[in-house]
Each structure stands twice: as C-alpha cells, then as structure tokens.
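Whole structure, please, built from the sequences with the hints as guidance.
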Amino acid sequence: MSAAQDDDTRDGVWAPRFAPVAQIIPPNVFADMDVKVAAAVASGADVIDLAKGNPDAYPAEFIRDVAKSSVDDPLNARYTPFDGKPAFLQAAANWYGNVHGVELDWRSQLFAVEGAVDGLAGLFAILIDRGDAVAFADPYYPSYHCMSVMHGAEEILLPARAELGWLPDLDAVDESVWRRLRMLILNYPNNPTGAQAPASFFEHAVELAKRYGFLIVHDFAYTGLGVSDQQVSLLTVPGASDVSVEVGSLSKMYAMAGWRAGFVAGNRDVVARLKQYHYQMGSMVTGMIQDAGAVALNSDQSCVDELARRYAGRREIVAGGLRSLGFDVFDSAGGIYVWFKAPERWSGQRFADALLDVAQVAGLPGTCFGRVGKDWVRLSLLKDESLLREAVRRIGAAEL
Numbered sequence: 001m002s003a004a005q006d007d008d009t010r011d012g013v014w015a016p017r018f019a020p021v022a023q024i025i026p027p028n029v030f031a032d033m034d035v036k037v038a039a040a041v042a043s044g045a046d047v048i049d050l051a052k053g054n055p056d057a058y059p060a061e062f063i064r065d066v067a068k069s070s071v072d073d074p075l076n077a078r079y080t081p082f083d084g085k086p087a088f089l090q091a092a093a094n095w096y097g098n099v100h101g102v103e104l105d106w107r108s109q110l111f112a113v114e115g116a117v118d119g120l121a122g123l124f125a126i127l128i129d130r131g132d133a134v135a136f137a138d139p140y141y142p143s144y145h146c147m148s149v150m151h152g153a154e155e156i157l158l159p160a161r162a163e164l165g166w167l168p169d170l171d172a173v174d175e176s177v178w179r180r181l182r183m184l185i186l187n188y189p190n191n192p193t194g195a196q197a198p199a200s201f202f203e204h205a206v207e208l209a210k211r212y213g214f215l216i217v218h219d220f221a222y223t224g225l226g227v228s229d230q231q232v233s234l235l236t237v238p239g240a241s242d243v244s245v246e247v248g249s250l251s252k253m254y255a256m257a258g259w260r261a262g263f264v265a266g267n268r269d270v271v272a273r274l275k276q277y278h279y280q281m282g283s284m285v286t287g288m289i290q291d292a293g294a295v296a297l298n299s300d301q302s303c304v305d306e307l308a309r310r311y312a313g314r315r316e317i318v319a320g321g322l323r324s325l326g327f328d329v330f331d332s333a334g335g336i337y338v339w340f341k342a343p344e345r346w347s348g349q350r351f352a353d354a355l356l357d358v359a360q361v362a363g364l365p366g367t368c369f370g371r372v373g374k375d376w377v378r379l380s381l382l383k384d385e386s387l388l389r390e391a392v393r394r395i396g397a398a399e400l
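The sequence shown begins at 1 in full-length UniProt numbering and counts up by one.
Hints may be right or wrong, so weigh each one.
[Claimed, not checked] DSSO-like mimics (lysine-lysine), calculated; alpha carbons at most 27 angstroms apart, straight line:
no., residue 1, residue 2
1, LYS383, LYS36
2, LYS341, LYS383
3, LYS36, LYS52
4, LYS275, LYS210
Note that these hints are calculated values from the structure, not bench results.
See below:
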C-alpha cells in the first residue's frame, strides 16, 4: 500500500485526507458562542442573548413589497448577470452619489456580492499570497484574522487605543511596515467597538497607501447606523479609488442580513480582477434580493435613519445603564454594539463567562476580537428595549 493510500486509511476504513489549509481554519467565535448559549438554554437558563450581531428588525415594508413581487418575475428564476443586475449596480452608484457625494461608474467600479464577507474573501483570494503582509486594527472583526491565516499572510496588528477613540495611531507604525504592506483593512463604524473614523483619518491612510504602494480595503458594513455626519465613506477622499476599495453590505443598513447582498466599490483594476475570480468561484446574488436592494439604495434612506434612531435609544439604555453601575463604557456614536470594560479584577473572558453563568446575559469577550480588547466585553443592541433594560438589571443584580 502506498504512503498516500495509508494516509487515507484509519483502522482499515477509508477516511478523507484534507488539504493543509483545511487543518488551520480558526474556530468561528460566533458559532462557538451559539453553542454555549444553546447549552445554557437547554439546561434551563433564561438567557438574554446579546452576543449576536443579528438584526431583530425587519426590512421596511416598501423593500419587502418589492421582494415579494419580484418572486413572480420569471427572470428571477434564472441566473442573474455575473456582475450583478444593472439596476442594482446603478442603485449602488446612486446611493454613493446621494448619500456620500461620490461619483462611481456602475459598470467598472461596482460589483454585486452576497454580503461583506463574500466580498472580503474574494479580495483576499485575488490579492494575498503566502507571506504577503496584511494589516488591520486590533480589536478586529474575526474574519480578517481567519482569512489572513488561511492565505498564509503575515498578519500585522495595529493596536487601537481607547484614548484615540479606539482608532490606531497610523503615525506610530514603523515605516518598514508600510514598505512591505500589501493590504490595509479598515472598518468604520467599527465592529466590535463602534468607533468611527473622521475624514482626516481616511485622508492620512490614502496618503500612506499612495506613498508606499499598498491597497486599502474598507469594510463599510455598519454605515448609516450612527451619527450621520460621522458616517464617512473612504471613497470621499480625493484619489481614494486609485488605491482602495470599499465593501458595502445591505445586512445591517436595511435589516436584510438573511437576504445576503452587498457590493464592492472603488478601484477599477481590483473590481475587474474580482469579477474574474467570482465568475469562477462565486455565486450571483439572487434576483429578487437585488431588486429589493435596488429600491432600498434608491430610497430617501429614511428607513435607515429610523433604525439609527432606534439603536441610539437602545445604546443609551445599555451604555447609560452600565455607566450607572460604575462600568467604563466607550462613548461610541455608531454601530450596533456597546463596548465596555470588565471590572478591574476581571478579564473580559472571565467576566463574559460570569455574565452568562450568573446573570444569564450572553456577551462576547474582547479576546474574540484580538489581544487589545482582552479586558473588554461587547454587547449587542439587537433586542427590544424591555430585554435590554432587563439585561442591565441582571448585570447589576449579579454584583460581580
């Protein structure tokens, strides 16, 4: 029996042999937390699950109406155009123009994807080879780390600092990092902190990208859900499209998380190469979802403003309630999370575990998002106000 055959046999029974990359996939912290919460519920606990970033809202009625009527369109039973429906891409270009004052060519600077992670995965595939340097702020969305590991990238973490509003200090980064960098990932409004970046931050990043020759990828999944004058698109910076792409998602902005739609916008060469990759390795966004997404993007955005106001009220309930209990809470103005520091004698992991065990409130420890947030905890705002008030009450009553 050959060595290859022997590798595929266990106790005389054939077993699949996996590629090396399949053996280094990091665990999904969100899936792991789902298992932990499910176990607590199965044991009889009445858990308030604030660990998930899963919208409890429903798409606005006018969006749902289009989705329903589009089901009856025979064309939507077929494969959609590879790049995305023209009407969807045009709507995304209109959204950029109307909301952010950015002019994009829908044919060459926009591409439809099945959500932000789909777009990010494709960008890693076409841009990152083994040993290439990828940088992003710590704390970070875990998929950035996972994709870096799977592509064999050199991962460079830029520590975000609380005193800088949970932004990294780009001026503190050694020049040798910029010189070897292939990709800089930004994410504002940020998950998990809710931090927002001013235009000056993006301007500085674009200047560095042009000087040292790397690409910026801006994960813009939480746009619209905060203070409107701080919702800055990277592409508003003059010349940003020369060195960057932005990944947009309809999941949080229009409460369409389960519908799976988004777009990649910006640099023409990157968008063109992403299309080539996706033609072979991806799936087109469902036709009725693109129809609904187009009407959402073309709307006056009042439905987004309504969601932002709802989340602002919830943020005040949770952040204000935690502050009244003596917690250090980051004063974010965006996103759908509250980021707060565990009590002095606790790590974020131990405190999150205690919240679930004692208060029956599920949150995610900052270690799920890197090293810098090891003493912090993220709570979601995606429950109704009565449950959020009860969660705060339980946290206070637990006296941890």
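Evaluation of the provided hints:
1. LYS383 with LYS36: holds, 19 angstroms
2. LYS341 with LYS383: holds, 21 angstroms
3. LYS36 with LYS52: holds, 12 angstroms
4. LYS275 with LYS210: holds, 24 angstroms
Of the numbered hints given earlier, the model fails none.
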